[in-house]
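Engineer: Please model the complete structure; the sequences and the hints are all you need to start from.
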Amino acid sequence: MHGIKMKIRPLLGAAVSVSVLCGVAMMMLSNASPYVTAAQAKTTKGNNLHLQGDLIKESVKVDHQNMQVSFTIKDDEGQMLDVVHKGLPPANMGDATRVVAVGGMQGGTFTSHKLITKCPSKYESEPGKHPESVKIDQS
Amino acid sequence: MNPQPLLPIGSLTGLGMLGMVLIGAAGLLSLAAVFGSFKNWDVKQTGRLLIAGSVSFFGAFAILMTLFITNQFQFRYVWRHSALDHEMSYRVAGVWSGQEGSFLLWAICSAVFGVITLRFTGKYRRGFTGVYAAFLAALAGILSFESPFFLNPAGAPIIDGNGMSPTLMNYWIVIHPPTIFLGFGALTALYAWAMAALIHRDLDTWVDQVRPWSLVALTLVGTGLCMGGFWAYETLGWGGFWMWDPVENTSFVPWVIVACLVHGIFIQKARKKWHIANVVLAGLPFLAFGYGTFLTRSGFLGDTSVHSFAQMDRSALFILIALISTAMIAFGVTIAKAMPWWKQNRPEGLASSGALQKEAFYSLGTKLLLFMGAVTGFGMSVPLVQSLMGQQPKVVEEQLYNTVTSFAFIPLIVLMAIGPFLTWKGQGFGVIAKKFVNTLALTIFAVGVLMNWLTWGGREVQFGPLVIGFPGQPADFSQQTSMLMGVFQVPTAPWVLALTGLCLFALFANLGRMFQLAKTSKTSIGGMLTHFGVIMTMTGLIFSRGLQQKIEGIVHPSKELPAFGYLATVEGTTSSFVDRNNKVKVRFEKPNGDQFLAKSGLYFTPGQDGAPQEHVWPHIQHHGIYDIYVVVRAFVIEDGQPDFGGSEPVGLMPGQRAEFNRYVFEYKGLKTEGTPGTFGATFKTPVSVWTPEGEKSVTPYVKLLGPGEMERPIIDIGDGLGLQLDRIDAATNQAFFIVHYTTPAYPIQIFYKPLTGFVWWGVGIMTIGGFLSAWYRRRSRPEPPTPSSESTTEPAVKPEENADAPPQPVEV
Numbered sequence: 030m031h032g033i034k035m036k037i038r039p040l041l042g043a044a045v046s047v048s049v050l051c052g053v054a055m056m057m058l059s060n061a062s063p064y065v066t067a068a069q070a071k072t073t074k075g076n077n078l079h080l081q082g083d084l085i086k087e088s089v090k091v092d093h094q095n096m097q098v099s100f101t102i103k104d105d106e107g108q109m110l111d112v113v114h115k116g117l118p119p120a121n122m123g124d125a126t127r128v129v130a131v132g133g134m135q136g137g138t139f140t141s142h143k144l145i146t147k148c149p150s151k152y153e154s155e156p157g158k159h160p161e162s163v164k165i166d167q168s
Numbered sequence: 006m007n008p009q010p011l012l013p014i015g016s017l018t019g020l021g022m023l024g025m026v027l028i029g030a031a032g033l034l035s036l037a038a039v040f041g042s043f044k045n046w047d048v049k050q051t052g053r054l055l056i057a058g059s060v061s062f063f064g065a066f067a068i069l070m071t072l073f074i075t076n077q078f079q080f081r082y083v084w085r086h087s088a089l090d091h092e093m094s095y096r097v098a099g100v101w102s103g104q105e106g107s108f109l110l111w112a113i114c115s116a117v118f119g120v121i122t123l124r125f126t127g128k129y130r131r132g133f134t135g136v137y138a139a140f141l142a143a144l145a146g147i148l149s150f151e152s153p154f155f156l157n158p159a160g161a162p163i164i165d166g167n168g169m170s171p172t173l174m175n176y177w178i179v180i181h182p183p184t185i186f187l188g189f190g191a192l193t194a195l196y197a198w199a200m201a202a203l204i205h206r207d208l209d210t211w212v213d214q215v216r217p218w219s220l221v222a223l224t225l226v227g228t229g230l231c232m233g234g235f236w237a238y239e240t241l242g243w244g245g246f247w248m249w250d251p252v253e254n255t256s257f258v259p260w261v262i263v264a265c266l267v268h269g270i271f272i273q274k275a276r277k278k279w280h281i282a283n284v285v286l287a288g289l290p291f292l293a294f295g296y297g298t299f300l301t302r303s304g305f306l307g308d309t310s311v312h313s314f315a316q317m318d319r320s321a322l323f324i325l326i327a328l329i330s331t332a333m334i335a336f337g338v339t340i341a342k343a344m345p346w347w348k349q350n351r352p353e354g355l356a357s358s359g360a361l362q363k364e365a366f367y368s369l370g371t372k373l374l375l376f377m378g379a380v381t382g383f384g385m386s387v388p389l390v391q392s393l394m395g396q397q398p399k400v401v402e403e404q405l406y407n408t409v410t411s412f413a414f415i416p417l418i419v420l421m422a423i424g425p426f427l428t429w430k431g432q433g434f435g436v437i438a439k440k441f442v443n444t445l446a447l448t449i450f451a452v453g454v455l456m457n458w459l460t461w462g463g464r465e466v467q468f469g470p471l472v473i474g475f476p477g478q479p480a481d482f483s484q485q486t487s488m489l490m491g492v493f494q495v496p497t498a499p500w501v502l503a504l505t506g507l508c509l510f511a512l513f514a515n516l517g518r519m520f521q522l523a524k525t526s527k528t529s530i531g532g533m534l535t536h537f538g539v540i541m542t543m544t545g546l547i548f549s550r551g552l553q554q555k556i557e558g559i560v561h562p563s564k565e566l567p568a569f570g571y572l573a574t575v576e577g578t579t580s581s582f583v584d585r586n587n588k589v590k591v592r593f594e595k596p597n598g599d600q601f602l603a604k605s606g607l608y609f610t611p612g613q614d615g616a617p618q619e620h621v622w623p624h625i626q627h628h629g630i631y632d633i634y635v636v637v638r639a640f641v642i643e644d645g646q647p648d649f650g651g652s653e654p655v656g657l658m659p660g661q662r663a664e665f666n667r668y669v670f671e672y673k674g675l676k677t678e679g680t681p682g683t684f685g686a687t688f689k690t691p692v693s694v695w696t697p698e699g700e701k702s703v704t705p706y707v708k709l710l711g712p713g714e715m716e717r718p719i720i721d722i723g724d725g726l727g728l729q730l731d732r733i734d735a736a737t738n739q740a741f742f743i744v745h746y747t748t749p750a751y752p753i754q755i756f757y758k759p760l761t762g763f764v765w766w767g768v769g770i771m772t773i774g775g776f777l778s779a780w781y782r783r784r785s786r787p788e789p790p791t792p793s794s795e796s797t798t799e800p801a802v803k804p805e806e807n808a809d810a811p812p813q814p815v816e817v
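Chains as they are written, first to last, in my numbering: chain U, 30 to 168; chain H, 6 to 817.
Any given hint might turn out to be false.
Claimed, not checked - Listed below are the simulated DSSO-like cross-link pairs for lysine-lysine, each with C-alpha atoms no more than 27 Å apart in a straight line: (1) Lys274/H x Lys342/H; (2) Lys676/H x Lys708/H; (3) Lys36/U x Lys277/H; (4) Lys115/U x Lys604/H; (5) Lys143/U x Lys555/H; (6) Lys115/U x Lys555/H.
Calculated from the structure, these hints are not laboratory results.
Structural biologist: Below you can see the structure in the form of structure tokens.
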């Protein structure tokens, strides 16, 4: 009797911890925020969708009065989607080529509360492409 | 700034080649040490090989640093990460600011701990040397493919380097990587010790040897982690310390597991249990760090990480994967092979009973910590898991991490509060409860004070529903915290207050116990000090993040921005916008005269396409109990021209008034010169402007110059404002005006962050406590110089093991 008990307890403990960890893992997987294309964004509900694509540079409009930025993303399927980001743009927005907008659809535009920018770091570029120095006057 | 290089650029090519040779030599010497350990050579000989390999690494590192200091831009790595105008500290830090250099840093930090700890390994020396040398050999392999000593292609311009990424350029790059990599280096020692303990079939002696080093590893990784948080807080401008980024998690998971090891050793020493568990806990941190390194450097996280790393060289990545998988498999196989032996020789562990005793607490705490580590490790692997299952990538976000880890975090605080009062022998609930009467009373008092502070009407900041409000400003009921991923909402302030109360309870408990034990047990003080620091840091993190307030607006000389009882006005810049040290000065002034000058960094560098790229450096004004965190952001720059913005077009009928900032405008009526509809016709719109200095008249106009061409000047009205006539509506007679900012108008973010001081103080205390513990454990370590004498010094239970429980009989 005692021997059986000695063997069952650790097994039971292991089973419980494995099932707890599996449960938590499944919960994390199902609650993780998905990456979506423009088409999926339009059909998926949620406010944590990660819309990822190329930033159309010319479309970037910063509106300091209302503290928001609007721009167009071209996703990997070539679809365009207008995005309004509530808040100031991230500091490296000017250099970004790819962006991830986190948010959801509100009407016809994708409203984001978080912007993640990807910059092709010039700090990994090859010699010979040294950029000119910046010219901005303080006036 | 060093206009005169110490040595001409290009003069030390030979030295760099020597660096490459030294890396190769380090690899070969380490391989020889591995071979020697297999062949059972004299341990002194293999030890010397390991040390020689380490010295080769040190030499290579010193050479790389020399190349950086003397601007040897013919080397690609130096060219990429340094430039002539970099101060000396950034040239030094340039060594580890890229992929190749950070691998070299990992190598030398590991080598440092290898060389130091080798002397203390006693009978395990042979296995320890072999495992350690195998790791160093693999790193040498990675470094020969990811070499920082590769030359730039012939003919490339090497007059000046490309420069370190401006976002890295601050003092944290100088101290954070060396600290945390020293911690990672110490993890290698823990792994090698655990392997050696299995190989040499003695799972007792090694815990005494490894004990101080586990504390050193815990402290270095922990302090390094926190430094990373400070770095984020001080520079990134989003006002937080921690965001569960994969790079942060890569250090967090090993830290948590080392914390388990430190506590597991207590159980093994006192109860003669947990031998295998401790071996696993010593080996896992290194493996977890290796896995995290693979995950963050391999590109598997793709676009899902905020950090973008350069793609690794394929061969180097292959060696990294081989290194980590070999380390994992070898660890597993060695444990499996040792198990039959262990079943024969396993000592009878001492039984314990009751829940209110040390073993139960250490054991539960370890499990909770492991749970935290496991979910974090899994969370950062989600993108990998999803892509292996062929599904669209997903990421685990901050909120999900917080939700899941809080299930372990809250009980952990309780354990840390009660733990110090426990002994190895179980006690009744009543006995324990009595010890907490004072602590509980103190906590209730402190929470009461905090609550009063939160609801106090005289303060300029309000904290959500708990606040009753104060004259002129009603309370803000909108602040809610979402629980369990949005299942329900709780008001933020009471929730934060509850968590803070719990943390304060633990703080007071540890503080009180520390004073009680100050004379009798030094070792336990180190532990309590560490716990105190950890909880204090957590209190600061919870409070400052939970009750943070944020104001966004625009600062310009023509206006004042109200923020947290201050009025903010901009006062120009300290330098030009191309200067890395340029600050925008913003004066914060209270009606009662209290004031400070915020100097928030803002400068531009040329970006990829030549367009200016903004860089910010927040100003943090530390007040006793809160920080005012000021980030001045850049104005819009389009096609190289700054656009400071201004008002929308405002339509005015003659006689109507409009207000912008502190200026009032009155439109006096239209005057036409020339024939409307013909070129040269001018529409003048005189406007009276009341400025803070007095009244003045200006006349904006539109002049038709040609087809589609018009002259619409911006008329200066002082204080950096300009008035422009946009158009005239012929039907309604309305004139549309735009007020332009003609001098920089900066978007600004101002945060009010209470109790951030706790984070800084807590980390300091944690670090001191950790090193203190390591120091005391170091003194208690028996260190026989020869393996033969080892068996005679059976490690007795150290007096301090039970010193915190003087009334209890020594049980072991």
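Engineer: All the hints need checking, so say for each whether the structure fits it.
Structural biologist: Quick rundown of the hints versus the structure:
1. Of the pairs offered as hints, the one joining Lys274/H and Lys342/H holds, with about 24 Å between alpha carbons and a cut-off of 27 Å not exceeded.
2. For the proposed pair Lys676/H and Lys708/H, the alpha carbon gap of about 12 Å is at most 27 Å, so the pair holds.
3. For a cut-off of 27 Å, the pair hint linking Lys36/U to Lys277/H stands: about 20 Å separates their Cα positions.
4. Note on Lys115/U and Lys604/H: the hinted pairing holds, with a Cα-Cα distance of about 26 Å set against a maximum of 27 Å.
5. At roughly 16 Å between alpha-carbon atoms, Lys143/U and Lys555/H fall within 27 Å of each other, so this suggested pair holds.
6. Restraint check for Lys115/U and Lys555/H: satisfied, since their Cα atoms lie roughly 14 Å apart, inside the 27 Å limit.
In summary, the structure agrees with every hint in the numbered list given earlier.
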